[in-house]
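Residue-level listing of the chains:
Number of protein chains: 4
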Amino acid sequence: MKVLIDLCVVPLGTGVSVSKYVAACEKIFLAAGLKPKLHANGTNIEGEWDEVFAAVKRCHEEIHTMDAPRIFTSLRINTRVDKEQTLEDKIMSVQSKLSGDFNKETL
Amino acid sequence: MKVLIDLCVVPLGTGVSVSKYVAACEKIFLAAGLKPKLHANGTNIEGEWDEVFAAVKRCHEEIHTMDAPRIFTSLRINTRVDKEQTLEDKIMSVQSKLSGDFNKETL
Amino acid sequence: MKVLIDLCVVPLGTGVSVSKYVAACEKIFLAAGLKPKLHANGTNIEGEWDEVFAAVKRCHEEIHTMDAPRIFTSLRINTRVDKEQTLEDKIMSVQSKLSGDFNKETL
Amino acid sequence: MKVLIDLCVVPLGTGVSVSKYVAACEKIFLAAGLKPKLHANGTNIEGEWDEVFAAVKRCHEEIHTMDAPRIFTSLRINTRVDKEQTLEDKIMSVQSKLSGDFNKETL
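Taken in order, these protein sequences are the chains called A, B, C and D. Sequential numbering of the first sequence, starting at 20, is according to the working numbering. Sequential numbering of the second sequence, starting at 20, is according to the working numbering. Sequential numbering of the third sequence, starting at 20, is according to the working numbering. Sequential numbering of the fourth sequence, starting at 20, is according to the working numbering.
Be aware that one or more of the hints could be misleading.
The list makes no distinction among identical chains, and a pair is therefore deemed to hold if it is satisfied within one copy or across any two copies.
[To be verified] Simulated crosslink set (DSS-like; lysine-lysine; CA at most 27 Å straight-line):
#1 21 x 76
#2 102 x 39
#3 76 x 54
#4 102 x 116
#5 76 x 46
#6 54 x 102
#7 102 x 21
#8 21 x 46
#9 39 x 116
#10 116 x 46
#11 76 x 116
Simulated from the structure, these hints should not be mistaken for lab results.
Take the sequences, apply the hints, and build the full model.
Next up, the structure:
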């Protein structure tokens, strides 16, 4: 089963900056052969369910190892069986419904 | 690694009611020996990471099998390595900080 | 427009415990005449959109005033125009689809 | 109070495609003078709290008007009072912690 997720990790008990933890997760996803797409409030990843969630688990393990005693993660999970749809397909589908003027501004 | 999650499944392409899908997920968690705590906007579950996420995957598979072509899930994931904390501990910790008057009203 | 939300506030830069901040939010909701339903990973609230979101804003303001320099909130928002549905209706709808045996265990 | 949000709207009871609703929301944010940043699982928006949430409310109203009887929205909310941080700052902060090689692949 293919899955598209949007992962946002929030370490607690470690100060206000989360970027080094997000960077550590990016490296984990890349090392797993996944192609994370970073955005300002999370990271989008697509792949087979088991591979994606094995990497999410490694993110939690790694962030705890770095120094965070507690982690809160907000995750969005998308699966569909009617057709294959990539992360890029989803963006293109919205863009095709926006006029050319809006298009340039929103991406 | 212990994990506490809050799962909210939203099937798409199947009408406005989601309760039968939520009920199906409850049965999956119970069958897995987990103890789901249903609330109005999701279900709280605690357990070992691998067991919990294996059950989440089965929820997606089951909902697709029932009839939903697409599923959106909102998931909150909590892990901590500084101490053990159950779902009930979390609620009690908030309650202990509310006065007796508020206490009765908020739960 | 009526709305049902599920709010989970996570203060950053203040240590691992979040319960005192959650308790502060409960008091804000009660003071606003709303009826928060606390669960292990958040709080469910129902009411008119403007009242509910005014209270959510006050939660952020209060938590910053307490001491948290940064706040991450995970929010689920439900609106529907086909029928009125309360938080309790949502839970009852799931329960009615679970057998009596499951019923007792899941709530 | 400035806020950075990540909005993901999921209409129920209207079929499996959500892109036309997402496009409608983009137009609402643009019309409000906000600068939405679309990604594969949501839209990032930054601005003053009241302006941003007024636009979120209009999104729900518009999607109901279009035809969706029920809407589920997953929202991430970020506020901080220690410093100003834009959506781009957040991304740059992570990128600066990734090596040059990773950098190109992840964005």
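Evaluated hints:
1. 21 x 76: Both: 17 Å inside a copy, 11 Å across copies.
2. 102 x 39: Between copies only: 18 Å across chains, 36 Å inside a chain, cut-off 27 Å.
3. 76 x 54: both (16 Å within a copy, 21 Å between copies)
4. 102 x 116: The answer is within: 19 Å in one copy meets 27 Å, while 30 Å across copies does not.
5. 76 x 46: Intra 13 Å, inter 24 Å, cutoff 27 Å: intra and inter.
6. 54 x 102: Classified as within; 20 Å inside a copy, 31 Å across copies.
7. 102 x 21: The answer is within: 10 Å in one copy meets 27 Å, while 34 Å across copies does not.
8. 21 x 46: Result: close both inside a copy and across copies, 21 Å intra and 24 Å inter.
9. 39 x 116: Between copies only: 6 Å across chains, 36 Å inside a chain, cut-off 27 Å.
10. 116 x 46: between (34 Å within a copy, 10 Å between copies)
11. 76 x 116: Result: close only across copies, 21 Å inter versus 36 Å intra.
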